[in-house]
Amino acid sequence: MTQKLLQFVLVLSFLLPMAMGQAQDPNAPKGPAPGSIRGTVTDAGSGAPMPEAEVYVNNTTPQMSTVTDTQGHYQLRGLEARRYRVTANAPSANGRNGFGPSQTRQVELLPGQDLDGFDFHIVLPGQISGRVVDQNKEPVPGIAVYLVVREYVAGALRAVFTNLAITDDQGEYHLGRVAAGRSYMVMAQRLTRRLDAVSDAPADPRLRRPAVVPTFYPNSRSMDGAEMLVLRSGEQREGIDIRLVRSPAYCLDGIVEGGSGPANLRFEIGDTQPANGTSGNGGFYSSLPGGTPGPDGKVRICDLHPGDYAFGVQEFAKESLGSAPYYGSVPVTIADRDLQNVRVSARPRVPLAGEVVWDGPAPDTPLDTKLAVELQAITRTERGNFESAVPGQFAIEGGLLIDEFGLRFSRVPAGLYIKDVTYGGHSILYGSLKLGTAVGDAALRIVVARDGGTASARVTDKDGNAVPECAIVLLPASASNEATLAAALTTGRTDLRGTWTSAPLAPGKYYVLATNDAIDKSQETIAKLWRARTGAQELEITANGSAAVTLVPRGLE
Amino acid sequence: MRLGFLSLSVVLLAGLAGNAAADTLRGLVVEDHTNNPLASVEVRVYQVGVRQLAADLETDSTGRFAAEGLPAGEYRIEALKPNYVTSSLRMTGLKEGMLIRLVRCGVIAGQVLDARGQPIRGASVYAIGKPAEGTVLRPFDILGQGSYTRVNERGQYRLHGLPPGEYSVAVSYGASTATFGSMGGGSAQAGLGSGVQFYPDNARPQFFAVTGGEEYRADFAVIPSGLYKVTGKVDQANAKTRYWLALTNEEQPALATAVAETQIDGSFEFEGVASGSYQLTASGPIGGYGGKGILRDAPLFGRIRLGVGGGNVEGVSVPLQKGRTISFLLRAAMGDMRPGTCPATAHLALAALEDWATQIDRSGEVSFQTEQTVERLAPARYQIQLSGLGESCYQPASATLDLSGAFDGKPVAIAVAPAGSIHGRLTGTTSPGDFAVALVPGDAAGGAQAVQVAFPDHDGRFAFGGLRPGTYRIAARRAGEGSKARWVADRSRSIEIRIAAGAPTELELPAPPPDPNQ
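From first to last, the protein sequence lines stand for chains A and B. Everything in the first sequence is counted per this note's numbering, starting at 7 for the first residue and increasing by one. Everything in the second sequence is counted per this note's numbering, starting at 1170 for the first residue and increasing by one.
The following block holds chain A by itself, in its conformation from the complex (with noise of 0.2 Å):
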């Protein structure tokens, strides 16, 4: 059971440090009186004071951390001078302190000083809730809502999953966490967690009970005509009601294969989109509708709706939970019949090595600092990480099972960007990997170059007042779409005084903007930079070189 559970939801976020201690660091040295910082905490929406907020300095040991009053005032007092991180976190909704929405400033605090009016302005999650109902207008129990956003991942615009609610027995729901100002649809779809190995459903399609189609607010089979629902902070939407389609229902015949045997396996069916995945500063995983297939490996797969699935299998390790040994996974398509002998097979880990090598000639020290590169499947939890010298080769410990992964590159030495990376011998620098689709040479090559640039900002108001804690975004001119522009656009954020300076980037034009507004990869963002090109300041970058603007923040429209 617990397992089940554990498998079913695995919501992963971003957790914040947990605030300990007390506000007075008796430790602290002797020298300049100490200083302290109050303000209040307020909802950003409502602009009501909030009580019980935990407020926090990162960069203290022991951490000093204080609680707000009725009003939202807060005190944290014995500071010593220097610059500092300080968060407000909100109680979350289960009741658990530092699990909240929560905002973090920075802050120079000088010698003795009583810095006052250091305020937080919270932006809450939203709720959406809303009644599910069928084509008899009966409210059904037991539905699966999910709270879906499109964003680019690895150089793709995908409909992501990021919250799942159940139906009660008037067939309502309750979506937590939503984030305010972000676009979201909302989709209803039957809630099936295990699978028979060999459906009982009947023979003749005429005689089985309709599917249940992922059905989008209103009442759309497709995300197309799925209405976006933004919510402000701290927003109750409610009357977000969903009537499901229906369809034909009908069978996948399939064999699955591999791995230790079919005893030890777990076949899963799921619509190719939307999917799980990771989207904003976080990951959903919910497991998909699987069960273990029979004895000679067959299974039959029913109430299916005509629509696009992976039919994937993999076998869990006993040790431990959610790592898989094996893994495979198949494209099936549902039109207007029966499926009959679907293979699908669980493939071990397979190797994933490279090198990393240099664009142009290498410098006369070696480098002493290490490339850290991460990979994340995409629409599952696997994941595999590496580190190379530079140059150097490298190679994935105990490989990865073969799937499609996004890139991060957790650790870049100083100086350098990375100039392109290639996998059987195409780019993938604003791409996915498609592990075992390369033709020939199989190795992943990183190309590195020191030939960056790079890009200072200075950001003003209207006024020439320096404005901290801005965004600041640079699109390469080269972006010749909408998906490369969110795989290669760069971001910051200005410091105390305004100021930001870039890592080195690669040589060329640029466009760059400020906006006080959040900066995501969601389609709706992305669209709204494609369109602040026009009109953005213009940033040649050189080899070598370093160019400066100063910049007015704006909105995007």
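Don't read these hints as lab results, they were simulated from the structure. Hints are all accurate, no fakes.
Selected chain A positions facing chain B (Cβ under 7 Å, derived; list incomplete):
(1) 144
(2) 174
(3) 180
(4) 206
(5) 213
(6) 215
Values in this document were obtained by computation on a predicted structure and should not be read as measured data. Even glycine gets a Cβ: it sits at the ideal position worked out from N, Cα and C.
Once you have looked at the hints, place chain B on chain A.
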């Protein structure tokens, strides 16, 4: 426990009208307590002996279903709808004008507020079925849809999908098992602490009876008094391993009052604990969480008694011990048993009667011949449950295994006994196929009123098997009356019979005369 309960719960039905063409199935599904037609009910039609469904139908907006072109034969029909108890029935030849009744599950809803009338964030609410005599309340071990929920931002909750039976309601808040089990940690809430509250109070929980479609309201006002700290250390804790501790109230151990995790040095702290008499349990190392903490291999356990009252409790020391290994054996409850009455082996489930916040339930196989061992048992109180006993065998007494104190280490014998059965014949009618026979347990001390329905063959013969010995009520009902009276409620028109263990109870049941009001 939950699964067994469901499979036993009310199977209701039904009238059969007319003898129409064998290849057409037509019928109507109604809600048992209102007689309203039910739309969107799944009707699964099985030909007996064939695994694949002959038809998988759905009722329309008027509650009707139909299938044509089905082969003649013996059929089993199941009617399912979420939030209703599944009905199943058997019949020879397909009928038209069939009526199926579905019993709607119960609902308990309400609000959980603090003394200021503010909602209590993250509070969890449980519906807990009335246990057999002599055992304590325990939450469902499988969290069924609706039997467990969290309050919304207004402090409201709604427990649904409760099959017929009797239920108490409890709320847990603060550093609860639900919070630890879903997030890996938790904290007491300012001014409120952590705790468990049954409705209306822990000493005498109220039971809400569900026979079909009831909606109850239970509002909680959580007003804690005198909140204290409990601090201490778990002995033998290795650095880097974490243990989970649970404080359970001795009065109601089904839900932990508060949960804490050890620090690297083995120390722990509970905040906001009310006065009371507690068991403090420890288990670990923790390898993950999913509903409850998941123990790694070779877990250690600790258990001490702890009183909290009038002040903080400091310096508590919890010694740890390895899990116990216990042997189990099946034995016949009443001397010799005919061979084949009970299977040679059965499945054994040991379900903890206390909430340790971690997974301490265990299972295994048990047999008559050789002792089978179950390892890694916590020093807890367990309920012993057997399954896979077949139709002719049952577990007469709900057995408890108490490992909380000294235990002699002897093998535990679990009693099983032959089940009863009825071989009956419907008399006084020339068309027994127009009748259905319902059997209701007459001595059910709480729990579901399990109803079984049989359809006599053309000679009027019918049978019930796998019956727990005791008193039952049995009634024959003309098909056309199916919509007029509920099986469960109608005591006046049934007769009482006593079912003995072992040999079948022979019975001749007179067919009722036509209803003069019809």
